[in-house]
Structure formats: C-alpha cells, structure tokens
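So the protein sequences, as listed, match chains G and A. The opening position of the first sequence corresponds to residue 327 in the numbering used here, with each subsequent residue numbered one higher. The opening position of the second sequence corresponds to residue 327 in the numbering used here, with each subsequent residue numbered one higher.
Since the hints were derived computationally from the structure, they do not count as laboratory data. Since we're looking at a predicted model, the values are computed, not measured. There's no promise every hint is true.
If chains are identical, the list can't say which one is meant, so a pair holds when it fits in one copy or spans any two.
What the hints assert, rightly or not - Distance condition first, Cα-Cα at most 25 angstroms in a straight line; then the derived SDA-like pairs of lysine to any residue:
1. Lys437 to Glu540
2. Lys490 to Pro573
3. Lys490 to Ala574
4. Lys498 to Glu540
There are 2 protein chains.
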Amino acid sequence: MAVRSVETETASPAAPLLSDEELRARFQATGEERYHHRHPFHLLMHEGKLSRGQLQAWALNRYYYQSIIPIKDSIILSRGPDPVFRRAWRKRVVDHDGDATSEGGIKRWIKLAEATGLDPNQVRAGNGILPATRFAVNEYLNIVRSRSLLEAVASSLTELFSTKLITLRVEKLREHYPWLAGGLDYFEARLYQAPEDSQFAVNYVYDNAKTRAEQELAIQALGDKCDILWAQLDALHFAYVQPGWPPAGAFRIEAS
Amino acid sequence: MAVRSVETETASPAAPLLSDEELRARFQATGEERYHHRHPFHLLMHEGKLSRGQLQAWALNRYYYQSIIPIKDSIILSRGPDPVFRRAWRKRVVDHDGDATSEGGIKRWIKLAEATGLDPNQVRAGNGILPATRFAVNEYLNIVRSRSLLEAVASSLTELFSTKLITLRVEKLREHYPWLAGGLDYFEARLYQAPEDSQFAVNYVYDNAKTRAEQELAIQALGDKCDILWAQLDALHFAYVQPGWPPAGAFRIEAS
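Based on the sequences and whatever the hints tell you, model everything.
Laid out in structure tokens, this is it:
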C-alpha cells in the first residue's frame with residue numbers, strides 16, 4: 327500500500343527479539359532524532375522569538391491536529407477486540423472531548439487560540455489552515471486505519487517524550503509571552519494525562535510485539551508519527567517564518 | 327470527516343446552476359490561482375537555476391506521486407458503476423502501467439530519474455523521499471476514496487492545465503539541462519494523453535453535477551488537488567532550495 331513509509335529498517339528474518347529495555351532504547355533513539363522538540367520553530371518559540379501572529383498561525387494549525395486526536399483514538403477503540411484494552415484507551419477520548427466534570431483538551435486548545443487573539447469560531451471552522459497541515463494530520467488517520475493495531479498503538483508513543491517538552495514549553499511561554507498565560511490549561515492537563523497513557527501504550531507494545539519484525543514495525547510507526555509532527559512545524563516555519571510563503575487561501579499574519 | 331478541506335466556497339442553497347461555460351470559467355480561475363505552474367520551484371526550473379541535485383530531489387519525490395496515479399485511477403475504476411465510464415477511465419491505468427505495446431508512464435518517469443543520475447532502484451524503493459511528499463500524495467488517495475465519484479473525477483481536472491505547463495517545461499529542460507534530454511519521454515507522452523483524458527472528465531462533471539452544490543464540490547475538489555501538487559513543490563523547495571532543511575531520513579544532495 328502506498329501509505330506506508332519507505333524507510334522501514336528491516337531487521338534480517340533471523341534477528342533476535344529485542345528485550346523490553348532494548349526496545350525502549352530504540353524508541354528513545356527514534357525520539358532523539360525525530361521528535362519535534364528539536365524543530366527550529368519550537369526553538370524560536372522557546373527563545374521568545376515568535377511574534378503574536380506566528381503564535382496565532384501555530385495555534386490555528388495545531389488545532390486541526392488536536393481536533394482529530396479523539397477521532398484517531400476512536401478508530402483505535404473500534405479496532406481493539408478486548409474490553410480491558412478499550413476501557414483503558416477510552417480515557418483518551420474523554421481527555422480530549424471532555425465529560426460532565428471536565429471541558430476536555432479540544433476546548434482547552436480553543437482557549438489557547440483565543441489567548442493568542444484568534445476568533446474561536448475561525449479556529450473551530452479551520453479557516454486558513456495550511457493544506458500541508460491537513461495532509462500531515464490526515465496521514466495519522468491513515469496510519470491508525472490501515473496498519474496493525476500494534477502499529478496504531480505504537481504511533482502514540484511520542485507521548486513518551488511530550489512531558490519533557492511541555493514542561494519546558496510552559497515555562498518558556500510564561501516567560502516570553504506573558505499575555506498567553508491564561509491559555510495554558512491544555513498543557514497543564516497533558517502533564518498528568520500523558521504519562522499514564524504512554525505507560526499503558528508502551529506496555530501494550532512490549533506484550534504484543536512478539537517477533538523482531540513486529541518490534542521493527544512498532545519503531546517505524548513511532549518514527550512516522552514523529553515525521554507527522556515535524557512536517558506540521560515545517561509547514562508553519564516555511565509559511566510564516568522563513569521564507570514566509572503561505573499558499574493561496576491560508577491564514578495571513580496581520581501587520582502589527 | 328476530517329479529510330475535507332475547510333475552505334469550501336458555499337454557494338447559498340438558492341444559488342443558480344452554473345452553465346457549462348460558467349463552470350469551466352470557475353475551473354480556469356481555480357487553476358490560475360492554485361495550479362503549480364506558478365510555484366517558485368517551477369519558475370527556478372524553467373529559468374535553468376536548479377542544480378542537478380535539486381532536479382534529482384524533484385525526480386525522486388515526484389516518482390512517489392507518479393507511482394500512485396494508477397492506484398488512484400484504479401480506486402476510481404472500482405467506484406464507477408457504468409462499463410462505459412470504466413472503459414474510458416481504464417485508459418489512464420494503461421497509460422501509466424503500460425501494456426504489451428507501451429512501457430507506460432511509471433517506467434518513463436524512472437528513465438527521467440535515471441537521466442538525472444539517480445539509481446533507478448533507489449527511486450523505485452522511494453528511499454529518501456520527503457515525509458511531506460507522502461502526506462500530500464496519500465491525501466489524493468483519501469480524496470478519491472472518501473468523496474463522491476463526481477469529486478474524485480473532478481480532482482483529475484488539473485489536466486486541463488497540464489499541457490501548457492508541460493510544453494513549456496520540455497522546452498526549458500532541453501534548453502537549460504541538455505543532459506536530461508534523453509529522459510523526457512514521459513512528458514512527450516503526456517502531451518497527447520492528457521487532453522483526451524481531461525475532455526472526458528470535464529464532460530463527466532458537466533453531465534453529473536446536477537445542482538449548484540455539486541458544482542461547488544467539483545470546484546473544491548480541483549482546488550484541493552492543486553493544493554496537493556503545490557504542497558509537494560513547497561516541500562521540495564524548503565528542503566532543497568531555501569532554507570534547505572531536509573528532515574531526518576530524507577535524500578541529501580551530494581556536493582558536486
């Protein structure tokens with residue numbers, strides 16, 4: 327199928343099964359190389375060098391990613407044959423869509439976008455998001471639909487790295503963009519939600535990747551997910567930082 | 327569904343049906359604004375300002391697009407209930423995959439890539455293509471799978487604009503990159519294949535878009551297809567021209 331990445335590292339058929347610790351080390355190495363903590367757009371953000379308009383473009387585009395997360399997790403729910411698995415995974419849908427006691431991550435992201443000065447209705451409608459954002463995010467849906475459940479679960483393992491990044495981000499956003507401080511609930515919630523989720527997911531992969539080939543597919547799924555995050559920042563960077571060519575129909579930064 | 331673009335121009339429910347000529351003019355206007363003939367990467371190509379390495383990156387990445395075209399057309403075939411429609415559309419699969427008398431467009435693109443100096447095995451394997459290329463191209467598959475057959479057909483209408491672009495490109499490639507001259511069979515073939523295909527497709531849209539809303543969806547599908555082509559060149563431009571950051575795992579241009 328055309329969907330799969332072409333860079334799969336193929337272990338020889340005789341390659342030995344990795345121990346849990348070795349597999350964890352491979353996940354870690356993938357994150358070190360490919361997770362978006364290293365992306366120049368994030369580096370500029372953390373140095374306080376982004377304008378309000380650039381943060382608006384980020385919040386607007388990233389909303390599209392946020393908005394599909396519970397759809398992605400619902401697809402995974404629909405593929406999980408085991409009630410115990412589904413009960414654990416269902417928490418993710420609740421975390422993002424909310425319930426009687428919690429507004430949920432999507433609404434929290436809207437509050438962040440509002441804190442940048444965007445109209446929440448524009449954000450919800452997705453007016454002006456970059457086509458490249460849609461393409462990268464929709465690929466996440468392709469992956470969880472078309473690959474094995476093991477790979478769908480493994481693609482969530484970027485959460486192994488998110489706590490460290492979010493901790494830094496919250497600190498830097500408060501320091502450099504104090505006018506954003508009222509919009510940071512999303513990140514505060516993720517700091518306690520993500521570790522539990524990633525622990526469940528990594529244990530699932532340890533238990534269900536029963537061959538080296540399956541372990542390699544799980545590593546590949548994590549790498550592909552990193553590429554999806556990275557490509558979203560590339561699109562933002564190139565449209566709004568350098569050289570600054572948003573395509574036709576995309577959000578334009580107002581002169582301020 | 328998350329796949330659809332958010333920029334749909336919604337005509338009011340009472341909006342009148344466009345005549346064939348008016349609909350054709352809307353297609354034309356969409357192409358003027360969004361087709362990739364205006365992309366800076368193509369402008370540089372036509373001015374002779376791309377290096378051999380940059381043309382290699384283009385040929386390598388564009389191969390991924392070429393390779394899914396007959397898959398895309400096979401999906402459309404599978405959705406066409408009418409044998410007459412399928413007989414006409416089948417020609418596209420033959421044009422790209424070849425038959426006893428013709429090598430087909432995919433093999434011709436391999437020859438173009440070889441003329442840039444790439445190893446054809448690397449090209450076929452897709453080693454080093456940009457993740458953003460995969461995401462944009464896979465969105466084309468999403469569109470023809472998840473939207474109406476009318477929209478799937480309309481998304482091919484970039485062929486209304488391709489003859490003019492290819493005519494210019496062949497002239498400019500011969501002028502500025504004479505070492506590529508042996509690899510241009512792909513384009514020569516498209517000059518007689520595309521006009522017949524686009525005539526069939528545009529007539530299909532005239533006949534089958536029976537409401538203004540359906541006409542607007544067809545226009546939107548063409549615009550989204552233009553975005554898919556544009557995003558592929560954005561990714562190439564930003565990775566290999568300016569600022570020049572191919573992501574981890576992507577093809578690197580060798581110092582020459």
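| field | Within, between, both or neither, where Lys490 and Pro573 count as close if Cα-Cα is 25 angstroms or less | value | between (33 angstroms within a copy, 22 angstroms between copies)
| How do Lys498 and Glu540 come out at 25 angstroms by Cα distance, when the copy is not named: within, between, both, or neither? | neither (39 angstroms within a copy, 48 angstroms between copies)
| message | At most 25 angstroms between CA atoms: does that hold for Lys437 and Glu540 within a copy, between copies, both, or neither? | response | For Lys437 and Glu540, the Cα distance exceeds 25 angstroms both inside one copy (40 angstroms) and across copies (35 angstroms).
| request: Indicate which option fits the pair Lys490, Ala574 if close means a Cα-Cα distance not exceeding 25 angstroms: within, between, both or neither. | output: between (36 angstroms within a copy, 21 angstroms between copies)
Consistency note: the structure conflicts with the earlier hints numbered 1 and 4.
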